[in-house]
Amino acid sequence: MMKKSLKPFRDIIALALGHLTVFKHVFKRPVTLEYPEKKLPLNDNFRGEHALVVDNEGKLLCTACGTCQRVCPSFETIEIEKEKNESGKFYPKNYTIDLNKCIFCGNCVQYCPFGAIIMTKEYELADEKKSALKLDINTLKKNYSDSIIKKTVKSKR
Amino acid sequence: MEYLYFLYIDFLHKYNLPEFIGMATFPLLPFCMVAAALILVVLFLVLMERKVLAFFTQRKGPNRVGPWGLFQTIADAIKLLCKENITPTGAEKFMFNLAPLLAFVPVMVVWGLIPFSSEFDFMSYSVSALLFMTIASIPTLGILLAGYASNNKYSLIGSFRSVAQAISYELPLVFVLVSIVVLASSLNLRQIVLAQISVYPFCGWFIFPAFLGFLIFFICATAELNRCPFDLPEAESELVSGYNTEYSGMKFAFFFLAEYAMMFIMCAFMATLFLGGFLSPFGFYLSERFIHNDLLAQVLVYFEQVFWLFLKTFFLIFCMMLVRATLPRLKSNQLMGFAWKVLLPLSFLNLFFICCYKYFIYAK
Amino acid sequence: MNVIISSIDFIYNWARSNSVWPLTFATSCCGIEMMQTSAANFDIARFGSEVFRATPRQADVLICAGTITHKMAPALLKLYQQMPEPKYVIAMGACTCGGGMFTDSYAVVNGIDKIIPVDIYLPMCPPKPEALLDSLIKLQKKIRKETILDRPKYIASHVSDLKIDEDSEFLIKDSGIILQQWGVSGNLQEGLAYEF
Ligand code: SF4
Ligand code: SF4
Ligand code: SF4
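Chains as they are written, first to last, in the numbering used here: chain E, 1 to 157; chain Y, 158 to 521; chain S, 522 to 717.
Treat each hint with caution, since some may be false.
With a Cα cut of at most 30 Å, we get these calculated DSBU-like pairs of lysine-lysine [unchecked claim]:
id	chain 1	residue 1	chain 2	residue 2
1	S	Lys662	E	Lys134
2	E	Lys134	S	Lys674
3	S	Lys674	E	Lys38
4	E	Lys142	S	Lys663
5	E	Lys7	S	Lys592
6	E	Lys134	E	Lys84
I should point out that these hints are in silico values taken from the structure, not numbers from a laboratory.
Only chain E is shown next, with the shape it has when bound in the complex (with noise of 0.2 Å):
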């Protein structure tokens, strides 16, 4: 009986301390980021925009073998257009991934038998044109040596 009878009062400092907690805000910092001016850490297992290894004689690691697209979760993303050189090893004529399919999973990276794949920390990947995100082997050569300067996502072989 008792308990019933304060009911009213026990809600009333229920909403006064909900007020106050609310209020206790406006004087707290902002946590917010400036986002095009200052950006968030990424972790170091970030995964972002593909890119092809190249090597020091700016020749690809890929070997056209196919893996990548044998392991990529979704559906036709890697198409590889593989050839032979003169002296009989197989490369990779074209070799486009499809971010409006891809997942970003990092399958394909895992999985590459040559560690000639790996994803860097671009996320900013919004575009007006849809053919633009698909990377053909050119801007995946030029991702790698853009991202030689940031840090990148080691292939774990």
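Since chain E is already given, all that's left is putting chains Y and S with the ligands on it; use the hints.
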């Protein structure tokens, strides 16, 4: 008032304009001033709401458009002007376009009823408090019309809710108003303010005898304005956007403007009734005390009074924003139950208490 | 004349680019990331875009956050058509750009650009909140490049030749239903106009 009139005529004489122009334009002048002031205040208010809500959640709020995002609302207003104005095919065209005006114009009228300072109340009637309550309930009709005319089930339900809410919360509101009228023995808003003058600074404010009334009034005003936690007419999770679901561009801007303007006016009304309106909280006016030029001080006092009224109003608005940031939305049945079962009896209690107070203490 | 138009353009674009009100349209997991964008850490409010409108009548940009299934496609088109001009679309997430990991699914539309025109494509699954902010900034840049003279042309480009069939509630082409199109996975007969 006459003093200002002569100032105005003098000003016209300087530019060799005849007096009848002054006579003709002087009554219009305050309205133009007041309308402009209201729109400026509302533009600022929308930004303030966004900023304050951001601070409550430790965000930064709009800060890219101009310094501290000051021009954010202006950008919004221009954008809404540029947007396409859609009138749905199934809508009642005339009523659909009339509704935003019906919601907006009464707001402009009640704004003139607030006594801004001891001289600046150009619509001072002996029943202005009653008039305020009467005209302030017209925007609800606009909302009802909007809901009916837009041929959309969500709009209709939203406007029904809005009307039901307005009717049930108007009752406690008016009973609290009655208690204030009993205290001040006048229905004139200026007299109500002047009745709050006392020997000690701010002790005569009606919030002290009628604190319960103040709380009830605050809650009911929040409900009248359809603000959180009573924003059932616009409940986004159930009714898409309530009564303004079908409105776009400028028509929506009118609703938006009316809502925020009404919020400011309601808070100014509350400040007038409970917090001494334009009276200074120190018991004396700063400009009177510190400026020794008599004429200048006399003019500055008016502006200082406006300043005090606005300060109190913004304090109340801040409280409303705090409530909005804290409380979740009520259920529909809780809303009605709260009005009829809790607030109405409490407002009777308040009236009874105030009458006793007036009879036994205040009168002596 | 040029001076007048360019100054009008400046105000027109300044106002529109700084108050891009999004439509609340989160259809799956990318929506979580969109919510995070409006929360304290990334605060979309800084760009004047925290006004998530529930009704398409008051929105400027449709941030399509999440998978669009064939069932959802008519709703998406309807919402888009209900938005007043000028309107924009951000396709957020791989699913809306080109099908993402559901490309070979029988139930998912491979890219919303088959239904409505898209202004900004934002891949990744899901994009970081920063990436969404970045796409918003890119959209603002795009808006600033426009001129008021192009408006009729721009509006004309938004007229879709798809419409919603009242009986089957599927999307059809104006010329009539294209029936018996084979789905991508090759095992489903669909009456869809946008599956080629
Ligand atoms: S990237 Fe690696 S896995 Fe893919 S084709 Fe080249 S070598 Fe093979
Ligand atoms: S990251 Fe995953 S989805 Fe993208 S290409 Fe590599 S394996 Fe395919
Ligand atoms: S892109 Fe990925 S995260 Fe976004 S909706 Fe599709 S599956 Fe979900």
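Results of checking the hints against the structure:
Taking the CA atoms of Lys662 of chain S and Lys134 of chain E, the gap is about 22 Å. The hint holds against a cut of 30 Å. Using a Cα cut-off of 30 Å, the hinted pair Lys134 of chain E and Lys674 of chain S holds, with the two alpha carbons roughly 29 Å apart. Proposed proximity of Lys674 of chain S and Lys38 of chain E is contradicted: the alpha carbons are some 38 Å apart, above 30 Å. The hinted pair formed by Lys142 of chain E and Lys663 of chain S meets the criterion: a straight-line CA distance of about 26 Å does not exceed 30 Å.
Our distance criterion of 30 Å between C-alpha atoms is broken by Lys7 of chain E and Lys592 of chain S, whose separation comes to about 49 Å. The straight-line distance between the Cα atoms of Lys134 of chain E and Lys84 of chain E is roughly 24 Å, inside the 30 Å bound, and the hint therefore holds.
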